[in-house]
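Start from the sequences, fold in the hints, and give me the full structure.
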Amino acid sequence: MATDGTHSHSTESPTASSESPSRTETSELEAYVSPTADFLLLFVFAVALTAAVAGGVIFMP
1 MATDGTHSHS TESPTASSES PSRTETSELE AYVSPTADFL LLFVFAVALT
51 AAVAGGVIFM P
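Read in order, the letters of the sequence shown correspond to residues 1 to 61 in UniProt numbering.
It cannot be assumed that every hint is accurate.
Here are the simulated distance ranges between beta carbons [what the hints assert, rightly or not]:
(1) S27 - A48: 26 to 34 Å
(2) P35 - G55: 25 to 33 Å
(3) V57 - S27: 40 to 48 Å
(4) A54 - S34: 26 to 34 Å
(5) E30 - A51: 27 to 35 Å
(6) V47 - S27: 26 to 34 Å
(7) S27 - G56: 40 to 48 Å
(8) E28 - G56: 41 to 49 Å
(9) V57 - E28: 41 to 49 Å
(10) A52 - E30: 28 to 36 Å
(11) V57 - T36: 29 to 37 Å
(12) T36 - G56: 26 to 34 Å
(13) V57 - P35: 26 to 34 Å
(14) A37 - V57: 27 to 35 Å
To be clear, the hints were calculated from the coordinates, so they are not data collected in a lab.
The C-beta atom is built at its ideal place from N, Cα and C for all residues, glycine as well.
Below is the structure:
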């Protein structure tokens, strides 16, 4: 069983090496998407905050 796991690991190693360029692509994609996601999160938060404030102003009187 343990030998099987080790064998599986050995088989995975070359696959990981082959995926190296793919991993770089993913990293580039993450570098581009991450700030966009952060901005989107901030935008959604701002909209929610604005809606809450507007709701408070509307329901205040």
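These are the hints, each one checked on the structure:
no.: 1; hint: S27 - A48: 26 to 34 Å; result: holds (31 Å)
no.: 2; hint: P35 - G55: 25 to 33 Å; result: holds (30 Å)
no.: 3; hint: V57 - S27: 40 to 48 Å; result: holds (45 Å)
no.: 4; hint: A54 - S34: 26 to 34 Å; result: holds (30 Å)
no.: 5; hint: E30 - A51: 27 to 35 Å; result: holds (30 Å)
no.: 6; hint: V47 - S27: 26 to 34 Å; result: holds (30 Å)
no.: 7; hint: S27 - G56: 40 to 48 Å; result: holds (43 Å)
no.: 8; hint: E28 - G56: 41 to 49 Å; result: holds (43 Å)
no.: 9; hint: V57 - E28: 41 to 49 Å; result: holds (44 Å)
no.: 10; hint: A52 - E30: 28 to 36 Å; result: holds (32 Å)
no.: 11; hint: V57 - T36: 29 to 37 Å; result: holds (31 Å)
no.: 12; hint: T36 - G56: 26 to 34 Å; result: holds (30 Å)
no.: 13; hint: V57 - P35: 26 to 34 Å; result: holds (32 Å)
no.: 14; hint: A37 - V57: 27 to 35 Å; result: holds (30 Å)
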